[in-house]
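A.B. asks: Chain by chain, the residues:
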Amino acid sequence: MIAQIPMLIVVIPLIFAFLCPLIGLWRKGPCYYWTILALSLCALASIDTLFAVIHGGAIHYRLGGWPPPFGIEYVVDHLNAMMLVIVSVISLTVAIYSKRSVEQELPDKVVYFYTVFLLQVTGFLGIVITGDLFNLYVFLEVASLAGYALVAVGEDGAPLACFRYIVMGTIGACFYLLGIGYIYISTGSLNMADVYQILPQMYHSKVVLTAVAFLLAGLAVKMALFPVHVWLPDAYTKAPSAASALIAPLMTKISLYVMIRVLFSVFKPVLSIDLLPVTDIMVWAGVIAILGGAIMALAQTDLKRMLCYIVVAEVGYIVGGVGLANATAMKGAILHILNDAVMTVGLFTVAGIVVYKTGRHDLSDCRDLFKKMPFTMAAFVVVALAIIGVPPTCGFFSKWYLIHGAVIAQHWVFLGALLFSSLVSVILFFRVIEIGYAFRPSHGGHSGGGHAAAIDEAPLSMLIPTIAIAIAIILIGLYNQTIISNIIAFAVPKL
Amino acid sequence: MKILSLIAGVLVGAALIYGSLDMPKWGDPHSPASTHVSPYYLRHSIEDTATPNVVTSVLADYRGYDTLGETTVVFTAGMACILLLRKGRKR
Amino acid sequence: MFEFIVSYYNYWIYIGLMMIGFYAMMAKRNLIKKIIGMNIFQSAIIFFYISTSVKKGATVPILEHGGHGHEHVAHAVDVMQYANPLPHVLMLTAIVVMVATLGVALAVAIMIYRRYNTLEEDEIIMLLKRG
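If you read the sequences in order, they're chains A, B and C.
Numbered by the numbering used here, the letters in the first sequence go through residues 1 to 495 in order.
Numbered by the numbering used here, the letters in the second sequence go through residues 1 to 91 in order.
Numbered by the numbering used here, the letters in the third sequence go through residues 1 to 131 in order.
In short, the hints are calculated from the structure, not lab data.
Treat the hints loosely; a few may be bogus.
To be verified - Computed, partial: chain C to chain B, Cβ under 7 Å:
1) Val54
2) Val89
3) Ala100
Idealized CB from N, CA, C, for every residue including glycine.
Produce the complete structure using the sequences and hints provided.
C.D. replies: Below, the structure written as structure tokens:
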């Protein structure tokens, strides 16, 4: 049984998702607890796998017993194992958080919401764990279809936002499929490790060049790299709170993980760094994404849209970090995948609490929130400090590694973009905090009037995950050296 | 928008055609795709899986996990359609 | 020159078909036309893959001497005689994925139609802006 744990990580949410509608036929209430049970088992299995990989090295699991490249193979190395833990723990947190929010926003669709939620998590885990290119496409489509459904049941205007998401997401997935097709035509194999062995003698051929271009173009659409990010703000703003809290941190980070896999485990690093100017283009793409995301975020008056543009800027950090192509920047980029997932889920859970309390997510709806919801806003301040990059939160350490990597590579434009976006984050979050404390110019006597806003804190099932995320941000920051030396140092590809 | 899409389409098509110039010729029996992994399936399909139809044996046995993924895709699409289209009961 | 075209024309035809679908997805204003473009694009990719499984003079990949259970097959299988089965397998899965995406896209189009009573993108955006 223990040897089958890599398989169980994907199969547990799948089986529980198959059974969820049957439970829903009986009663609606248990679906929430069924989802939490599934994701808890899954999280335990992935933490166990992480420790197994730390102690024993990479795990190779052959599906059906067939040796690769004739069968499909799961390869769990340090990067994978870390991503598995990120996906399962964040999904569990959002599932615990989602109870009140789903009951308020989608009262008659609870059963199928949780079914599609579990299928979405299955898709994410399947993408992260596999070592076969076509299998990755299949699970990418599972995750995408579930994502389309979760986004489309949001507020007014969500179906149209979802339609644009469908069109752009399908273009991305089809470009990825074309890239796999070109690799298959030139090598005959679909297994990542096998292609890594066979392809180097063909690095000068046009087929491989086109394959790299289309794989990266497809993944760029999926990870919302500026300027093909246009599906993201509408889709994540109008989605239900629980859905945006699940998809926003994970979908883009998983596409970034696939990009790192393709660049360093399918093609040799020498192809992207020396033979083709891929990494140079990536740094400039990162710079444009950071600047574009930061400037667009400044222009927003809606809280959730502002957070969506912050996500776009964060993708730019990681793409630029990978593009700098030295070990320090890669450590920063991989650490930033972890940090950004946790920070984004923190941001969107707080936004979801605002929506639960006030029904809207405009910036002006944040008035007086610091008085009414002190704990939620304290968590928000911690997340804001992490995004700005203040020690000891985790955001400081990944930014520090990225800045250090930019200095080593002498890429001053990227360094400038990093510092610029930190300044912009300060402005963005101070604006929210200012509205939250309702600073008003005093009219003669006491400011703010005499109405003491009663403490109307968020319900416990939503509050506890939010505070847990804030505590996790500080803990990851304090223990970042342990994480780097045990996991990330082995996950960085040999450049 | 239409002109932009036309230019984008022509550029993407040109990139794909450029990539196809180094490909093996159509129908070439010695192409890498025909000589690397698939001869194993053709030679060993009967002794491993007792199925003369090689497409079935690859689909259901060697790469059976992809078929499970495909079934999951169909299930996800079904659940997505129920989630999207089912009208709630009027209270 | 003629040799050159004959050996590559299968790829080029399907790339042309892909670009027709791609243009339709991006440029058309009607939602159903976008969905049809998506279908054309994905179908063309499927044809592209399958065209790589052809071998000159080969037949379908169903072995002739089989079907007798675990009897040891005395004749060696001549690989050159049978078409490559792997792209067919991959494309069976891709066809199913295409149909599933088509289904979800049409469901979203139904949702949009129920709400706005039109399927033209510009009209919907105008209705949205008016609130």
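A.B. asks: Now tell me, hint by hint, if it's right for this structure.
C.D. replies: To see whether the hints hold, each was checked on the structure:
1. Because the closest C-beta pair between Val54/C and chain B is about 5 Å apart, less than 7 Å, the hint holds.
2. About 5 Å separates the beta-carbon of Val89/C from the nearest beta-carbon of chain B, less than 7 Å, and the hint is met.
3. Taking 7 Å as the C-beta contact cut-off toward chain B, the hint placing Ala100/C at the interface holds, the least distance being around 4 Å.
Comparing the model with each numbered hint stated earlier shows that all of them hold.
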